[in-house]
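Chains as they are written, first to last, in our numbering: chain A, -19 to 317; chain B, 117 to 425.
Since the hints were derived computationally from the structure, they do not count as laboratory data.
Certain hints may be false.
[To be verified] Restraint ranges, calculated between C-beta atoms of paired labels, are given here:
#1 A:Gly58 x B:Val243: 28 to 34 Å
#2 A:Ser275 x B:Gln240: 31 to 37 Å
#3 A:Gly132 x B:Ala331: 30 to 36 Å
#4 B:Val243 x A:His205: 35 to 41 Å
#5 A:Gly65 x B:Phe336: 30 to 36 Å
#6 A:Ala291 x B:Gln240: 35 to 41 Å
#7 B:Arg238 x A:Pro251: 43 to 49 Å
#8 B:Arg420 x A:Ser275: 53 to 59 Å
#9 B:Leu250 x A:Val250: 56 to 62 Å
#10 A:Thr129 x B:Leu250: 35 to 41 Å
#11 B:Leu250 x A:Pro261: 58 to 64 Å
[Claimed, not checked] Selected chain B positions facing chain A (Cβ under 10 Å, derived; list incomplete):
#12 Asp275
#13 Thr279
#14 Ser280
#15 Lys322
#16 Gly337
#17 Asn342
#18 Thr367
#19 Ile415
Even for Gly, the Cβ is constructed at its ideal location relative to N, Cα and C.
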Amino acid sequence: MKPSALPSPTATGRPALEVEGLRVDLHTPSGTVRAVDGVGFGVHKGRTLALLGESGCGKSMTALSIAGLLDPVAEVTGGSVRVSGTELVGLGRAERRKLAGPVLSIVFQDALAALNPVQPVGRQLAEPFRIHRGLSRRQAAEKAVELMTRVGIPEPRLRARSYPHQFSGGMRQRLLIAMAVALDPDVLIADEPTTALDVTVQAQIMRLLRDLQTERDMALVLITHDLAVVARHADDVVVMYAGNVVEAGPVREVFSRPRHPYTRALLDSVPEHAVRGRPLPAVPGSPPELSAVPSGCVFQARCPLADDRCARERPALEPVGASRSAACHFSEELDRG
Amino acid sequence: MASFLRKRIISSAIPLVFVVLGVFCLARLTGNPVDLYLPLSATPEQRAEFSAAHGFDDSVPVQLWDYLGNAARLDFGVSLRTGEPADAMVLEAFPVTLQLAGMTMLLAVLGALLVGSLAAYRPQSAVDRLAGLLSMTAASIPDFWFAIMGVLVFGVALDWLPTSGTLGGPEVWVLPLATLLIRPFGVLVQVVRGSMVGALSAPYVKVARSKGADATRVVFGHALRNAITPVLTVAGDLAVGLVNGAVVVETVFGWPGIGKLMIDSILQRDFAVLQAAVLLTAVTIFALNILVDVCHALIDPRVRQAVPA
């Protein structure tokens, strides 16, 4: 089992969310492939961890398996997920449902699809209170209005009767966030919460998430491919590639001195480094198909440093410095160069 | 909603006129009633007198004009066979069909929602496979064959159920209902399943699960209302088929419904009754279609909003 990448030394006590050696297999018609291969990290209350990676790297799959919302074709085949001390892997359906909302919650990216189109939003926001607190319809509706007020929906009492399509994208995302924090969960997972929004709205939504996190002392897992979001909002970052963690550590340190060539390539591809009239810098090639992940290092095909050893031997995620880890045979060299 | 209804009613009235015209002309292609109602030995004078009495001596356009004029005053003529007003005969037969069709659709929709949802909850499970096999079989069995086999087995061989008629207890309903039910049920199970599988894999269902909703709440609280729109459309279509095509069942089981009345009227060249029956059926079908549209609007707020105020 690979070592857990974090906890960070700045926080004390047990992390609210601890993931260790998580493995997820996808059963496809053409065979079983491993979508998540030994992912581990920990997040303390009040802190934000970013799961960073490109599409298909397994970051959303990791989020869904933590939340217990995997599609039937996907299966957690190993590892451990503990939320506030409770082991979730292997937990029965009914037990898990009890935790879904009051302990662990998730915000999805496409709020239009994530809200039920034929139900007034007030009713959807009231649902957590109906399910877990056993409140009456009236009481729950009142709670929903409070939530809408908190996340900044104008005229909440009136708007509670509106349907999702009658809101703007930003307002819909606010509603979705309100629903997720309704019962003050210990851990909130936000799966690309701002991807579908324009930049000014993105900033407002991130601020809202951050305020709610502070106010309710939640551990926040931010799933994203946006380096700027990570830099601005996360304390720690876990960089994923082809289902593996390639580097992890405090954002400031990882971004200033990446110890994995993939992290470095990602940082170099930020358009701010671009020169006018020249092609935008990009990581050459594309990630391996999940069915054809090489036996050695997962990044070898796109890595400028790759040699024979990388083809033979997969580098383990090893500690590099006090609170960081990287999975590269050349992490020492990277630090010097 | 009111303007939506008004619009739909007006746009239905135009095809209705064509239905009336079509039936009027087609009925007259079936032959001259004079040949059927008078003996072969009738003199030309007697034939002329019969024609004049029933208005068959006028040209078709004149007959049509008279018919439309009378129909506008809700006078649909009298039956050649019985001399009764055509509309009275039709209105007497119609509730029989409506009862049968209504009961059938109620059972078919409720049954299909249950079986289809169960099948969709775990695709490829044993329940799903069984439901697939059953519904495919049900949708494929010819109703006349099923009706005759039903009579043969349960009516004749086992003698459990009456073979025809509407007199008696609830047992008279069993065979006609089963015959009418089997195809709509089979078709609807498939539609519900398909539509439900789609709804259950939608993101809002994941969100509902992330709130700790159990299976009942997920299926009936969230997915069903989203999945039901295509089911309604198909159910509406099937209901139209029932109102129209209860002919086989009414004939086999001797139920005096509108299907039987229509067939008899065609065979007897009872134009007035045929026209009245077709007109009422057509109005019912248009009403059903409007009802389906109204239901869509009630179920889906997006449809409601798309309707211009």
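Hints the structure violates: just list their numbers, smallest first. Numbers 10, 12, 13, 14 and 18, in rising order.
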